[in-house]
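S.K.: So you can see what is in the structure, the chains are spelled out below.
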Amino acid sequence: MILAGIEPPAEFVHWWFASGFLVLGLLLFAEALVGSEVWGRRPWRRYLWPGFAFTMGVFMWPVSTFFTNSTIHMVAHSMWAQVLMFAGGAELGVARGKLHSQYWRLTSALGLAASGVALLVHEQNHWLFSRAAFLHHALGWTVLVAAAFPLAQALRPRSFTAAMGFASTFFAIAVLLYCDRDVAPIFGHLSFYAGILHR
Amino acid sequence: MSADVAHELRRKVERERVVARTRSARARILLALGPATSIGGLAWAVVQPWRLTLLHPFGQGFYWLLAEPPLYVVLVGILFRLLIVPGIVADLEEQR
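Quick mapping for you: the protein sequence lines, in order, are chains A and B.
The numbering used here applies: residue 974 is where the first sequence begins, and numbers increase by one.
The numbering used here applies: residue 15 is where the second sequence begins, and numbers increase by one.
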C-alpha cells in the first residue's frame, strides 16, 4: 500500500526507458556512421552501448516487480529484462574480446524477436482500445520486423544498411514509448473499459 | 609509360579527395546529431507545452515535476554532443 503511494505512474517509467533507448539509438547510429574501426579506437567506447543495454536490463527487473498488474505483464517485463541483459552481456563479451564469433550478434536478433512476440502476446486488447494498446501492437510489430537487422549483421557484419536499421529501431522504440500515456485516446478512439482519462 | 603513371596518380588523388569529402560529411552528420536531437525535444516542448509541468508547477506532485519528457530529449542530445561526439570526430579526423 505504501509502495503504491510512492511509485511513479507507469507512463513515467516508459518515458525514462524511452530516453534510454534514445541514447542506445544515438550510440549505435554513431558507430554505424564512423565504422567499427574508428569507434573502437578508444576501448571504453566499445563497452558503451552493450553496457547501457545491460544496465537497462537490470533496471527492468524492478519494473517487472513493482509496475505490473497481472502475471502476463510481469512475465513480459521479466522477459525484456532477460533479453536486454543477455544481448548486452553477449556484446560486452565481444567488446572485451572474450567472445569472437560474429554470430553473437544473433543474441540481439533473438532479443528483439522475443521482445516483439512478448509485446504482441501480452496485449489483450485490440489496436484502437486505447493509446497504450495501440502502442503495444505498433511496438510489437516494429521490434519483431526489426529483428531482421541484427540477423543481417550476424551474417554480414560490415553491412551499413543493417547497422543503420538496427540503430533506427531504437529511435522508433523511443518515439513510441514517449507517446505512451496511462489512459489516453488513439486517433479519437478510447474504449469505455480503458479507464478514466486523466491527462 | 609516364602518361600511365600520371593518369594513375591523378585517379589516386581524385579517389583520396572523394574519401576525404565523405569523411568530412560523416563528421558533419555526427556533429549535427546531438543538436538535431535537442531541437526535436524543443519542438516537442513547443507543440505540447503542457508536457512541461515546470511551466505550471503549482499543485503538481513530485513525479509530475520530475517527468519532463521533452527536456529528457534535449538533455540526451546535449550530453551526446558534449561527451561522446568530440572523441569520435577527433578519431575520425586522425584517421584521415
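Simulated from the structure, these hints should not be mistaken for lab results.
Please note: incorrect hints may appear among the correct ones.
Interface residues of chain B toward chain A, partial, derived using beta-carbon atoms under 10 Å [said to hold, decoys possible]: (1) L44; (2) T51; (3) V60; (4) F72; (5) Y86; (6) G91.
Derived, one-sided and incomplete: chain B residues facing chain A with beta-carbon distance under 7 Å [to be verified]: (7) R40; (8) Q74; (9) Y77; (10) A81; (11) P83; (12) F94; (13) L97; (14) G101; (15) I102; (16) D105; (17) L106.
Quick caveat, the model's predicted, so the values are computed rather than measured.
Beta carbons: idealized from backbone N, C-alpha and C, even for Gly.
S.K.: Under 7 Å, Cβ to Cβ, is where D105/B needs to be relative to chain A, so tell me if that hint holds or is violated.
M.R.: This hint holds: D105/B lies near chain A, its Cβ roughly 5 Å from the closest one there, short of 7 Å.
S.K.: Closer than 10 Å between Cβ atoms is the bar; does L44/B clear it against chain A? Give me holds or violated.
M.R.: holds (6 Å)
S.K.: So, as I understand it, the hint says R40/B touches chain A; can you test that by seeing if any CB pair is closer than 7 Å?
M.R.: holds (6 Å)
S.K.: Quick one, is the F94/B hint okay against chain A at 7 Å, beta carbons?
M.R.: holds (5 Å)
S.K.: Just to be careful: measuring from the Cβ of F72/B to every Cβ in chain A, is the smallest value less than 10 Å?
M.R.: violated (16 Å)
S.K.: When the nearest CB of chain A is found for L106/B, is that gap smaller than 7 Å?
M.R.: holds (5 Å)
S.K.: Double-check T51/B for me: the hint is only fine if its C-beta lies closer than 10 Å to a C-beta in chain A.
M.R.: Holds, because the Cβ-Cβ distance from T51/B to chain A comes to roughly 7 Å (cut-off 10 Å).
S.K.: Is the shortest C-beta separation between G101/B and chain A less than 7 Å?
M.R.: holds (6 Å)
S.K.: Does the closest beta carbon of chain A sit nearer than 10 Å to the beta carbon of V60/B?
M.R.: violated (15 Å)
S.K.: Going by Cβ atoms only, is G91/B closer than 10 Å to chain A?
M.R.: Nearest chain A Cβ about 8 Å off; hint holds.
S.K.: Quick check on the hint: P83/B CB to chain A CB, less than 7 Å?
M.R.: holds (5 Å)
S.K.: Hey, does the Q74/B contact hint survive, CB to chain A under 7 Å?
M.R.: violated (11 Å)
The earlier numbered hints that this structure contradicts are 3, 4, 8 and 13.
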